[in-house]
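Once you have looked at the hints, place chain B with the ligands on chain A.
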Amino acid sequence: MNKKTLMFFRMVAASFIRRRSRMLIALFAVIIGATILSGLVMIYYDVPRQMSTQFRSYGANLILTPSEEESISSEELEKSISLIPENELEGYTPYRYENSKIHNMPVTFAGIDFESVTKTSPYWHISGEMPQNDGEALVGAKVAEKLGLKTGESVSAENSFEITPDTDISLIPEYEIFEDPETGEKHCDHSLDISITGILETGGSEEEYIYVTYKDVEYLSLTKRGYDIVEVSAAAMQDTLKSYTKRISDDVEGVSARLVKRVTASESTVLDKLQSLVFIVTAVVLVLTMICVATTMTAVITERRKEIGLRKSLGAYNSDIIVEFMCEGLFLGGAGGILGSVLGYVFAQLVSMNVFSTSITFRPLLIPITIAASVLVTGLACLIPIRSAVDVDPALVLKGE
Amino acid sequence: MSLLELKNVSKIYGELNALDNVSLKIDKGEWLAIMGPSGSGKSTMMNIIGCLDKPSKGQVLFDGKDISKESRRKLTEFHRDKIGLVFQQFHLINYLNAVENVMVAQYYHSMPDEKEALEALERVGLKERAKHLPSQLSGGEQQRVCIARALINSPELILADEPTGNLDEANENIVLDIFKRLHKEGTSLIVVTHDPEVGEEAQRIVRLEHGHISSDIRNEKFSEG
Ligand SMILES: Nc1ncnc2c1ncn2[C@@H]1O[C@H](COP(=O)(O)OP(=O)(O)OP(=O)(O)O)[C@@H](O)[C@H]1O
Ligand SMILES: [Mg+2]
Chain A
0 MNKKTLMFFR
10 MVAASFIRRR
20 SRMLIALFAV
30 IIGATILSGL
40 VMIYYDVPRQ
50 MSTQFRSYGA
60 NLILTPSEEE
70 SISSEELEKS
80 ISLIPENELE
90 GYTPYRYENS
100 KIHNMPVTFA
110 GIDFESVTKT
120 SPYWHISGEM
130 PQNDGEALVG
140 AKVAEKLGLK
150 TGESVSAENS
160 FEITPDTDIS
170 LIPEYEIFED
180 PETGEKHCDH
190 SLDISITGIL
200 ETGGSEEEYI
210 YVTYKDVEYL
220 SLTKRGYDIV
230 EVSAAAMQDT
240 LKSYTKRISD
250 DVEGVSARLV
260 KRVTASESTV
270 LDKLQSLVFI
280 VTAVVLVLTM
290 ICVATTMTAV
300 ITERRKEIGL
310 RKSLGAYNSD
320 IIVEFMCEGL
330 FLGGAGGILG
340 SVLGYVFAQL
350 VSMNVFSTSI
360 TFRPLLIPIT
370 IAASVLVTGL
380 ACLIPIRSAV
390 DVDPALVLKG
400 E
Chain B
0 MSLLELKNVS
10 KIYGELNALD
20 NVSLKIDKGE
30 WLAIMGPSGS
40 GKSTMMNIIG
50 CLDKPSKGQV
60 LFDGKDISKE
70 SRRKLTEFHR
80 DKIGLVFQQF
90 HLINYLNAVE
100 NVMVAQYYHS
110 MPDEKEALEA
120 LERVGLKERA
130 KHLPSQLSGG
140 EQQRVCIARA
150 LINSPELILA
160 DEPTGNLDEA
170 NENIVLDIFK
180 RLHKEGTSLI
190 VVTHDPEVGE
200 EAQRIVRLEH
210 GHISSDIRNE
220 KFSEG
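So the protein lines, in turn, are chains A and B. Sequential numbering of the first sequence, starting at 0, is according to numbering that gives the first Met the number 0. Sequential numbering of the second sequence, starting at 0, is according to numbering that gives the first Met the number 0.
Chain A extracted, bound-state conformation:
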């Protein structure tokens, strides 16, 4: 390195080391900007991933219904589910509905799997507990209101049947069967005792049912049959989902599959809107950062007008001064960018943890991009005050006391 270059770096280094407090303020401004910028960009790219997990947790996006027969059999269900790749399958819940009466009022029971329903309907809000066993029930809020049912109570659901040769007598306790002495027809006053473990609130039609196990609805109805509807939650985008519905409808006889339009369609629009929101915020922050850095640099440089005048009086060309000051500015930008990209990751992680409760994917490519952006923004922010400061008249600044 020749002596001139050496002196150049000696001056720049001295300016950093001996004007620490000033430089720290400027560096701080750059770091804040770079942090917010890289953090937001990271969030911007992670929002789709984050949000689709969110939306997935907003439940079923595929629905299977019987196409010809009355219900979907276990075999048909198994075959349909096997058409969805295992890694994308989040969960599925078959529903079987049966009518009954409580206190002589008609109610509809739904047989479900209480474990898988948390996957397909994660938004269910339950006051009380989710049932665990046969004989326990989750009561929809509307039904509970209508019938005056409360958590912890026990009630009986009653069905009355005419016993035909088809009836599966094995399910019925002896004491429930009696014979009409006149006609000789056999009847059964069948009842199921259930204890209420919780009340379900969703704000939707789900509140109109009482949920019990499959075994209980089977017992209540005294018939063995398949499912009325199956809710499926799969981690895939709309186009892929569409292809699954087609495959299932085509390949599995007796099952027709369709998308749950409401959720999946809005998913994409909400995503787009969120992403453009983050984009706008990022752009605004970028401009604010630039203004902030420019203001700081203006203050720092204005303070050095005398020095600029002096350097000019010692024979510096304007270009020399621009190079020297820009070098300081770019160095600030680089240092700020390095620290900012690290802090930005921390920032994005914190936001992600708090808002989405998941961690953010680290993107190594973002480090050089952040540093480059930081250098560029700081450079631009410095250029304006330097350009105007460099035009100072040395005769004027050197004269002032």
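Source of the hints: derived by calculation from the structure; they are not laboratory data. Treat the numbers as computed from the prediction; the structure is a model and nothing was measured. You can trust all of the hints, since none of them are fake.
Pair by pair, the computed Cβ-Cβ distance ranges are: (1) L15(B) to L5(A): 45 to 51 Å; (2) I11(B) to G378(A): 39 to 45 Å; (3) I383(A) to D62(B): 36 to 42 Å; (4) K2(A) to F77(B): 19 to 25 Å; (5) L5(A) to K126(B): 18 to 24 Å.
Distance condition first, Cα-Cα at most 25 Å in a straight line; then the derived DSS-like pairs of lysine-lysine: (6) K73(B) to K305(A); (7) K81(B) to K305(A); (8) K81(B) to K3(A); (9) K126(B) to K3(A); (10) K81(B) to K53(B); (11) K114(B) to K3(A); (12) K398(A) to K73(B).
We treat Cβ as the ideally placed atom computed from N, Cα and C, and that holds for glycine.
Then chain B with the ligands, alone, in the frame of chain A:
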């Protein structure tokens, strides 16, 4: 042959003629004092001679060459090579130490050379303070650094605007001794001063009043010897 010549130079600020049709010749190796009341145009004249400013009217000849019409860039080069400036307010760069401040002048002139810079400090008696920052130096010491910086590139002419204005008598004498030495070595000096004692050391005293030269006298002390 004259080193420098001002020919009918005027500097006009709006209505005000800070310098009004001034003509002046300075010989090589001459020590000239410029005196006069505040606002009489001394600093204005120094800035024009030092190529920091251009005259509104008239010519400035350096070595017989008209420099008043040159571009800013040419002027910068010219004054960097020929002129050393000493300021009343020292104007040292506060984050550079004494020797670095001297080296800045080398840096823009040709090549920084720490050894030479230290020698320049030695000449003004500041070798031991080379690593001190301006804030760690007294006013007199700062002024000597400023002089070391002015003479580092061996200029033909040193311009000093009130070099002793901020100094006590002891420091004033140190500075004057340095000037005397430089003068002996053949450097031309132009010193603006309010102080008659400082003026007395010069070979020639030019008085300015309202932008005019009111008197231009040889110092008897020298003309006799
Ligand atoms: N940039 C300027 N714009 C307008 N007027 C100026 C400017 N610079 C100097 N002047 C005026 O020109 C006149 C001469 O100023 P100059 O600085 O040369 O005086 P001076 O003799 O050096 O005084 P002092 O002894 O107080 O330093 C003054 O009246 C001053 O107000
Ligand atoms: Mg003055």
